[in-house]
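Taken in sequence, the protein lines are chains E and Y. Just so you know, we're using numbering that gives the first Met the number 0 here: the first sequence kicks off at 0 and counts up by one. Just so you know, we're using numbering that gives the first Met the number 0 here: the second sequence kicks off at 0 and counts up by one.
It is worth saying that the hints were derived from the structure and are not from the lab. Computed from a predicted structure; not experimentally measured. Accuracy of the hints is not assured; some may be wrong.
[Stated by the list, open to error] Here are the computed distance ranges between Cβ atoms for each label pair:
(1) E:E231 / Y:E35: 36 to 42 Å
(2) E:K5 / Y:N20: 42 to 48 Å
(3) E:D181 / Y:K204: 44 to 50 Å
(4) E:K205 / Y:D345: 32 to 38 Å
Positions of the beta carbon are idealized from the N, C-alpha and C atoms, including for glycine.
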Amino acid sequence: MNQILKKRVLTPVTKEIVVSAPHIARKAQPGQFVILRVSEQGERIPLTIADYNREEGTITLVYQEVGFTTKLLGKLEPNDTIMDLAGPLGLPAELPEKGCVVAVGGGVGVAPLLPKCKELHKRGVNLISIVGARSSDLIILEQEVKECSDELCICTDDGSRGFHGFVSDKLKQMLENGLKPDEVVAIGPMPMMKATCNVTREYGIKTWVSMNPIMVDGTGMCGACRVTVAGETKFACVDGPMFDGHLVDWDEAWRRANTYREQEKCANERCRCGGEH
Amino acid sequence: MAARKSRIEMPVQDPTARASNFEQVALGYTEKMALEEASRCLGCKKPLCVQGCPVSVNIPGFIKLIKEQKYQDAINVVKSTNNLPAVCGRVCPQEAQCESKCVLGRRGQPVAIGRLERFVADWELEHGTPEVPEVEPNGKKVAVVGAGPSGLTCAGDLAKLGYDVTIFESLHEPGGVLIYGIPEFRLPKDVVRKEVNYVRNLGVKIETSFIIGRTTTIDELFDDGFHAVFIGSGAGLPMFMHIPGENLNGVYSANEYLTRINLMKAYLFPEHDTPIVSGKKVAVVGAGNVAMDSVRCALRLGADKAMIVYRRGREEMPARAEEIHHAEEEGVEFHLLTNPVRILGDEKGWVKGMECIKMELGEPDKSGRRRPVPIPGSEFVLDVDTVIMSLGTSPNPILVQTTDGLGAHKWGGLKTHEETGRTTKPGVWAGGDAVTGSATVILAMGAGKAAAQDIHEYLESGSTDW
Chain E
0 MNQILKKRVL
10 TPVTKEIVVS
20 APHIARKAQP
30 GQFVILRVSE
40 QGERIPLTIA
50 DYNREEGTIT
60 LVYQEVGFTT
70 KLLGKLEPND
80 TIMDLAGPLG
90 LPAELPEKGC
100 VVAVGGGVGV
110 APLLPKCKEL
120 HKRGVNLISI
130 VGARSSDLII
140 LEQEVKECSD
150 ELCICTDDGS
160 RGFHGFVSDK
170 LKQMLENGLK
180 PDEVVAIGPM
190 PMMKATCNVT
200 REYGIKTWVS
210 MNPIMVDGTG
220 MCGACRVTVA
230 GETKFACVDG
240 PMFDGHLVDW
250 DEAWRRANTY
260 REQEKCANER
270 CRCGGEH
Chain Y
0 MAARKSRIEM
10 PVQDPTARAS
20 NFEQVALGYT
30 EKMALEEASR
40 CLGCKKPLCV
50 QGCPVSVNIP
60 GFIKLIKEQK
70 YQDAINVVKS
80 TNNLPAVCGR
90 VCPQEAQCES
100 KCVLGRRGQP
110 VAIGRLERFV
120 ADWELEHGTP
130 EVPEVEPNGK
140 KVAVVGAGPS
150 GLTCAGDLAK
160 LGYDVTIFES
170 LHEPGGVLIY
180 GIPEFRLPKD
190 VVRKEVNYVR
200 NLGVKIETSF
210 IIGRTTTIDE
220 LFDDGFHAVF
230 IGSGAGLPMF
240 MHIPGENLNG
250 VYSANEYLTR
260 INLMKAYLFP
270 EHDTPIVSGK
280 KVAVVGAGNV
290 AMDSVRCALR
300 LGADKAMIVY
310 RRGREEMPAR
320 AEEIHHAEEE
330 GVEFHLLTNP
340 VRILGDEKGW
350 VKGMECIKME
360 LGEPDKSGRR
370 RPVPIPGSEF
380 VLDVDTVIMS
390 LGTSPNPILV
400 QTTDGLGAHK
410 WGGLKTHEET
420 GRTTKPGVWA
430 GGDAVTGSAT
440 VILAMGAGKA
450 AAQDIHEYLE
460 SGSTDW
């Protein structure tokens, strides 16, 4: 169980692994996540399930090596196992059955976006995808998204490919040009999701976002993942992780995401010095 | 020789020293102390103490064997009804249970039953060879949801009766609140691991990182060949006060604070990867055992000031007297008849103070305790940088949401038959905090034990009446 079967390097800092997890694969639905732990001293971190194959009993995880745990995870190779892997957690995404949806993915957020794109495509929804990153070499899963989209736009912050600007700018341009989607799904770094919501708010388009706050148990027990939605406290692990982005208190979410910034610096310092367990 | 009126005191770590380490506070009896204390037991023919024990330990029986220095036999007597004696000897509120019934208590101090139980349990963990009864498998499978006190007890008892038992635990380590909640200084995790191993040695299988209601459902467990299911899923979701500022950085639920420290070993950061904010001025809101554990952890993480903020008075505090006493000895401040109104943040969104209001006690409320009433105009700001909400929990809704026919009360607790633990769904039993809301380890164990007995009777009878 939890054995890594395949590994693919998507960008210098982004990796994709296919993990044997039959119990999780059997139940996983778009929008759900797992909690994993890499070592005996390790932290529990949530990762959204990027894909699953019920027949083969596998799930796919994509992660960016930003923190101590994801860096340790990045060192694992095929045949290695992930010490602890629990899921699928959270509520499945509520996706429309018909109409037009714009899927907006930024950076590593394209990975959790992909299962929603696949499901929307399967349902026959007209899917327009906007995929972006800082520069062209950081665009991930382009081919996979393209295969299930009716239209795909690539954006880069530095203009090295496609539209020169943020994904939210591209969406704004589309809406200004008369596109009228029924819903938008936006997944990526918090500033990107917030900017996308600011664009769609003017047009009154329902916008789903996937929150990825700090979690410990992931089953509702600890309340670390508190997010204020429409003035009410929600637990992202059991009430989410997908929420109506127009109702999310983004400033609070951003602040809470940075609670352990000082400690992270310390941990990363240790990682660079090869001081992992 | 008349028995001495007072019990033998248990040695404890010096308060000043222990307030800055996570080592055990109460050190346990030596053999000499245990023999002296055991000699106080009158060995009543009709022992009232046993009636006070939720798992009916033969108390005079094991104490008699201590007197005879037959420690292995003594622990075997305890373990014939209690699968977790080293845990119970440390965290049971004996003063409200067995010891409250002891006849010596009428004219002096009752026999220190809990300390003696701990002594024989620890003796076995150090010197003994745990005896595992030989059991003929009966071919029936039972699933247990959650590896906490009620689940481990139910599973252990069923295994002793020949059942093939699997426990499904959502966290990566079994033990439930014994592992994630109760701190090392009160209940060393090594002791918990040894007792969990005893349950494993009885033949119980434990699947960790397996969430019933998500990874698989209760109905699917029956499809997979299980004949009965016991739910001991525990405390659930932490409650908050719903006051302004509760989501500021530096506000924790007690569940999160304790889980980071105990399960994840955040006090050993960065050797362990999980961080924690170790505040210098920490307020814990609430006065139960969980609040005492939290505030004492805050001291050990280096707080200059660790405070309990509680809206009622000293008499109403729900924590064990011993825990309150230990907290006071270690220097915890008690702000009683004080209730938070809002939490104040600095420009970066971190806690910088907590506005509170003074309370006075009015007429008794439905819990029988005098209702705290705010005193108008008495608001003041408490200087704090960390706030821990320890207000209890409400049961986790995942199981009810994903199981057809599993009934729950409005407040979230599962509906069960009081004596047997049968839920509204045939073939499913429940016990512990998932049924009662936040309660004690031993009450959860008692519920697990009662359910195991009823599961056995039900499956033996072959009846389908529910």
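(request) Find the hints from earlier in the document that the structure breaks and name them by number, from lowest to highest. (result) Violated: hint 1 alone.
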